[in-house]
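All chains, please: the whole structure from these sequences, using the hints.
Same order as they appear, the protein sequences are chains A and B. Take the first sequence: its position 116, counted from the start at 1, is 116 in this note's numbering, and no numbers get skipped. Take the second sequence: its position 83, counted from the start at 1, is 1083 in this note's numbering, and no numbers get skipped.
No wet-lab data here; the hints were simulated from the structure. Note that this is a predicted model, so its numbers are computed, not measured. Note that the Cβ used here is the ideal one computed from N, Cα and C, for glycine as well. It is possible that some hints are incorrect.
[Said to hold, decoys possible] Partner residues are not named here, just some residues of chain A that face chain B (Cβ under 8 Å, in silico): (1) Thr13; (2) Gly58; (3) Arg94; (4) Phe99; (5) Ala116; (6) Asp120; (7) Gly121; (8) Phe126.
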Amino acid sequence: MFPNFNDPFAAMTALQRALESRLESEWIGASTSGAGSYPPINIFQQNDDFVAVIELPGVDKDDLQIEAKESTVRISGKKTPNYGGNASVHRRERLFGVFDRTLSLPVQIDADAIRAEYRDGLLALFIPRAASEKPRSIKIN
Amino acid sequence: MADQEVQVQQKREVEKKQESTIPLRSFLPVSDIFETDHALNVVLEMPGVAKENVEIGIDNDVLKISGRIDIAKYEGLQPVYTEYNIGNYSRSFQLSNKVDQDGIKAELKDGVMTLVLPKSEKAKSRRISVN
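What follows is the structure in structure tokens.
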């Protein structure tokens, strides 16, 4: 899919284009969990399974809850500033508060086998497809 | 404050002075800047940037911070649904106060970069007593 991973510029450009082309695609569009709520989510397919990459900079790992059942994944938590008081503000752009978002995937997932990793402000959820969803080869007798 | 819901912020792209030959997009990290008695604090959100991929410099009172993301992690992943784009981060600020460049401290945690720029002695505000 990204033909030349040895050339970082070409790879980045290809990745940015690929992300752009799938922007708010219909893939989960029909479900109730529409786009636009926090946190923003990108979903990728990796072989048969899925990887959701969620931007959550500045959220403490302990303030993050992830629940999964059937084909939904719920991500909730809070983002709180860790600034001391007594500061005069020059510029304020970062937003803080609570969030709670449910993601419904259009496929059955194996909720027990979801793996989560949080690093550098990115939450990655490795979501395996349910065994019943996986294609089986059918033998001809 | 604590119960307020977080809103999604659209990423702002870095405005380039020249057009580059490659259509690479980079983004402005969302930033807070606040001043304490001794220092100017700059806080930038750069999700996906690891410690070793950050560059900080001051030139002519302009503070420049850039962070590169690691796209190797995306190898073999095919996007099916996306809500945001990714790219390197870059942002510059004109510093109004003189800072002690040697005393700058930087910390990167959970994708948030915190810079503490200590004010140089002469830039610290003094209490003026009336005789």
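Results of checking the hints against the structure:
{"no.": "1", "hint": "Thr13", "verdict": "6 Å, holds"}
{"no.": "2", "hint": "Gly58", "verdict": "4 Å, holds"}
{"no.": "3", "hint": "Arg94", "verdict": "5 Å, holds"}
{"no.": "4", "hint": "Phe99", "verdict": "5 Å, holds"}
{"no.": "5", "hint": "Ala116", "verdict": "14 Å, violated"}
{"no.": "6", "hint": "Asp120", "verdict": "5 Å, holds"}
{"no.": "7", "hint": "Gly121", "verdict": "2 Å, holds"}
{"no.": "8", "hint": "Phe126", "verdict": "11 Å, violated"}
The earlier numbered hints that this structure contradicts are 5, 8.
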